[in-house]
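Protein chains: 2
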Amino acid sequence: MSRSLEKLIKSLGRLPGIGEKTAGRLAYHLLKCPDEQARQLAESIGQLRDNVFFCPRCGNITEEDPCDICRDERRERTVVCVVEEPSDIRAIETSGSYRGLYHVLGGRLSPLEGMGPDELSFGKLQQRIETSRPRINELIVATNPSVEGDATALYIQQMLNGSQVRVSRIACGLPAGGHLEYMDALTISQALHGRHNL
Amino acid sequence: MSRSLEKLIKSLGRLPGIGEKTAGRLAYHLLKCPDEQARQLAESIGQLRDNVFFCPRCGNITEEDPCDICRDERRERTVVCVVEEPSDIRAIETSGSYRGLYHVLGGRLSPLEGMGPDELSFGKLQQRIETSRPRINELIVATNPSVEGDATALYIQQMLNGSQVRVSRIACGLPAGGHLEYMDALTISQALHGRHNL
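Chains as they are written, first to last, in my numbering: chain Z, 283 to 480; chain Y, 283 to 480.
If you're looking for bench data, these hints aren't it; they were derived computationally from the structure.
No false leads were slipped in.
Computed spacing ranges between beta-carbons, pair by pair:
id : chain 1 : residue 1 : chain 2 : residue 2 : range
1  : Z       : S450      : Y       : G299      : 38 to 46 Å
2  : Y       : K292      : Z       : G295      : 21 to 29 Å
3  : Z       : P298      : Y       : P457      : 23 to 31 Å
Just so you have them, the derived chain Z footprint on chain Y, three or more residues with Cβ under 8 Å:
id : region
4  : 298-309
5  : 317-326
6  : 334-344
7  : 363-372
Just so you know, these numbers come straight off a predicted model, no measurement behind them.
For every residue, glycine included, the Cβ atom is placed at its ideal position computed from N, Cα and C.
Please model the entire structure based on the sequences and the hints provided.
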């Protein structure tokens with residue numbers, strides 16, 4: 283067996299969700315595909331590591347300081363959506379239904395994983411709220427709907443207690459196209475709890 | 283959104299079985315993981331393309347001429363296992379139950395995909411049978427158990443009709459740990475047809 287191939291299979295197998303079999307399949311593909319396609323992938327990985335850093339304002343990933351969302355003058359500057367990770371920004375942007383700014387926490391409160399308030403960018407968020415002009419009117423906390431995500435949302439709400447900023451939380455309930463029949467009890471309970479008048 | 287990231291997601295999305303969502307997840311992982319891990323993956327892809335070629339004897343992938351299987355003096359040199367692709371060699375070697383040599387056809391007969399006898403290495407196989415010393419006694423045709431794989435096996439059997447080489451075919455039947463209940467009709471029919479005395 284070729285050592286280069288074994289090495290690539292090992293490297294690919296370290297990626298999340300890629301087991302040994304998939305790694306093998308991908309490696310054989312990279313062996314058989316046009317040279318340009320394989321080289322481009324290798325090059326893209328290198329460029330990503332060379333060019334990308336975190337926006338010092340919002341924590342989004344970017345190649346320029348500040349990132350294109352912070353720079354975009356057409357976006358609403360009075361609303362900030364708080365997310366756990368930069369990948370969450372991508373998901374929200376894809377939905378096309380949000381035109382404000384973002385703030386990346388860099389994770390969520392999780393004592394078991396050693397994530398306390400000091401590990402997340404709460405301080406930077408508070409500073410941003412104090413110094414931003416125009417003033418930030420609303421924080422939409424879009425941490426994930428888990429115990430940790432909810433705790434993180436609560437922490438932010440308490441941190442800003444007494445300030446003039448409205449703190450809101452994204453809705454929990456049935457996903458579009460979901461079936462009640464297949465939904466877990468907690469989701470159904472939250473969907474009922476979060477009902478609104480028609 | 284970062285251009286480097288978009289480029290990497292596009293490159294990853296071209297891999298087989300990797301959709302846009304998985305590509306995104308992998309790209310974010312490559313952004314967050316230790317620098318060394320990402321660089322190593324990129325480097326491995328480059329090395330694979332630089333170092334690996336096809337063994338001129340058997341068609342296996344290799345970094346040396348001939349490949350380590352062709353070179354291994356402890357292997358049986360009178361039995362050759364015929365496979366479609368180099369990845370099949372890897373699967374058989376992992377099983378640890380074969381100690382002979384290999385011959386890679388480079389595909390299977392499939393008129394619909396434009397694969398005729400001239401596209402596969404039948405000529406090289408025949409030449410190998412005529413010139414190999416010690417003589418090749420048996421060809422085990424291990425093309426996949428599909429219509430095309432079976433047709434390819436039949437072609438080889440007819441090609442060597444009248445020669446002294448025994449042509450055999452790997453067994454078809456229920457996979458180990460399989461359940462009759464969930465098996466398709468063709469597999470069951472082949473398992474019955476291929477029954478042997480106990």
